[in-house]
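Heads up: the protein sequence lines correspond to chains A and B, in order. For the first sequence, this note's numbering assigns the number 1 to the initial residue and increments by one for each residue that follows. For the second sequence, this note's numbering assigns the number 152 to the initial residue and increments by one for each residue that follows.
If you're looking for bench data, these hints aren't it; they were derived computationally from the structure. Virtual Cβ for every residue (Gly too), placed ideally from N, Cα, C. Wrong hints could be hidden among the right ones.
Unchecked claim - Ranges between beta-carbon positions, derived for each pair:
#: 1; chain 1: A; residue 1: Glu113; chain 2: B; residue 2: Arg339; range: 48 to 56 Å
#: 2; chain 1: B; residue 1: Arg325; chain 2: A; residue 2: Val6; range: 23 to 31 Å
#: 3; chain 1: A; residue 1: Leu147; chain 2: B; residue 2: Asp360; range: 33 to 41 Å
#: 4; chain 1: A; residue 1: Glu118; chain 2: B; residue 2: Asp225; range: 28 to 36 Å
#: 5; chain 1: A; residue 1: Glu113; chain 2: B; residue 2: Val447; range: 49 to 57 Å
#: 6; chain 1: B; residue 1: Ala384; chain 2: A; residue 2: Val6; range: 55 to 63 Å
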Amino acid sequence: MKREHVLPTPEDTRALGAALAGIVRPGDLVVLVGPLGAGKTALTQGIGAALGVREPVTSPTFVIARVHRGGRLPLVHVDAYRLGGVADVDDLDLDASTAESVTVVEWGQGLVEQLADEHLEVRLDRRDDDVRTAVLVPHGPGWEQRLGDQP
Amino acid sequence: MTEPLVLGFETSCDETGVGLVRGRTLLSDALATSMAEHERFGGVVPEIASRAHLEAMVPTVHRALAEAGVQASDVDAVAVTAGPGLTGALLVGLAAAKAYALALDVPLYGVNHLAAHVAVDELQHGALEEPSMALLVSGGHSSLLLVPDLSRDVVSLGRTVDDAAGEAFDKVARVLGMPFPGGPPIDRAAREGDGSAIAFPRGLTGPRDAPYDFSFSGLKTAVARWVEARERAGEPVPVADVAASFQEAVADVLTAKAVRACRDHGVDHLVLGGGVAANSRLRALAEERCAAAGIVLRVPSPRLCTDNGAMVAALGSRLVAAGVAPSAPDLGADSSLPIDVVRP
Chain A
1 MKREHVLPTP EDTRALGAAL AGIVRPGDLV VLVGPLGAGK TALTQGIGAA
51 LGVREPVTSP TFVIARVHRG GRLPLVHVDA YRLGGVADVD DLDLDASTAE
101 SVTVVEWGQG LVEQLADEHL EVRLDRRDDD VRTAVLVPHG PGWEQRLGDQ
151 P
Chain B
152 MTEPLVLGFE TSCDETGVGL VRGRTLLSDA LATSMAEHER FGGVVPEIAS
202 RAHLEAMVPT VHRALAEAGV QASDVDAVAV TAGPGLTGAL LVGLAAAKAY
252 ALALDVPLYG VNHLAAHVAV DELQHGALEE PSMALLVSGG HSSLLLVPDL
302 SRDVVSLGRT VDDAAGEAFD KVARVLGMPF PGGPPIDRAA REGDGSAIAF
352 PRGLTGPRDA PYDFSFSGLK TAVARWVEAR ERAGEPVPVA DVAASFQEAV
402 ADVLTAKAVR ACRDHGVDHL VLGGGVAANS RLRALAEERC AAAGIVLRVP
452 SPRLCTDNGA MVAALGSRLV AAGVAPSAPD LGADSSLPID VVRP
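So that you can see chain A by itself, here it is in the shape it has in the complex (with noise of 0.2 Å):
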């Protein structure tokens, strides 16, 4: 999979949330990096709707944690932005097993890489003209492999 991709509408990173989809696996973490409206929610939006969840994702800001059923896998939505400090399992409230699901958290860089071994950080802009971009950068040699050799 292309590791920087340019992304001019939010369906266009929806459509990317859509990709890495297709290549998840129960138990992976998916950190999402990047300023207020770079695309993260659109991002995860893209990944729950492929992914077939039942409702639509919105922001879990204020609810820190929400998961989604009905998918190929479950789908834990994680918003850490009004999280301090290191978060552990515990803090986040989650109620279902991250080894069973997707974890996608939003602004979680230096809280949260600890809830797997490896995992793949997807980092977010938003340039100038509105066009936002995303870099896939791995954690890990599986995420490394899974990713593949393509720049």
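Given the coordinates of chain A, work out where chain B should sit on it, guided by the hints.
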């Protein structure tokens, strides 16, 4: 015969609320908040909220009973928020409510947090007109509800497809360097500003968009972009104008959609609820537009708009009066309880 006395528990987020209601009369509304404890961590931590609920629970119940001038043994029914909310936080309220119901040998009513936000208005403005429309806006919810019968039948017409309205306030406040929660400081700053100074986008208001759904993510991004552009150019940010224009965009969309929903469904009563209903511009614009459309607007006082135990007791009291059966003793917490389940 006097009306039943209902004890209500609310623990869906960071407020421990215990209220007592007899019929539609508010007797007491005791509240403890764990906000100060969260401040040390820079945000709400669910585990800390749960622990704080646990510590605050019994003293808050005692305070509610003392303020109402009643004994625990006078209570005729117990009501408790079963969802939506933080699972761990809900569990503390549920455990307490079950314990009191069991110890006092009275029925237990699990209630939907959102429906309770509508029910609380009956404590101030009397019986709800049915059907009513309800617009609930808070840090976690933005919902437009058609309420044919608040005891049994609530229909979700629309909701946010991304961020809640209150969340947009929190995030814009952060962009403007204001404290959390963002609603009060933005409201204050906006009083000195011009709401028409900057034309921020109104989400989902196109002719083909879902007429009753909301989107505040694009607005939040537009504000962040506008402020960043100023900062990059080395220009001062007109905070009051940004706050007022942002607030105007939120209030405009919320009230326009609520009035449209009333008109489309032939409903002439609108209830506002949730923490964002405390926003002065939202209240003013809602009054103006409802008056123009011949809609009766009901807004509880700001104190009752935010989470509290009295709203849970108010809905419980309604359920008792309507003859709705109590919940099963194995009632559980449901973090994403759908709104059409008034009494889980």
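Results of checking the hints against the structure:
no.	hint	verdict
1	A:Glu113 x B:Arg339: 48 to 56 Å	39 Å, violated
2	B:Arg325 x A:Val6: 23 to 31 Å	28 Å, holds
3	A:Leu147 x B:Asp360: 33 to 41 Å	36 Å, holds
4	A:Glu118 x B:Asp225: 28 to 36 Å	59 Å, violated
5	A:Glu113 x B:Val447: 49 to 57 Å	54 Å, holds
6	B:Ala384 x A:Val6: 55 to 63 Å	26 Å, violated
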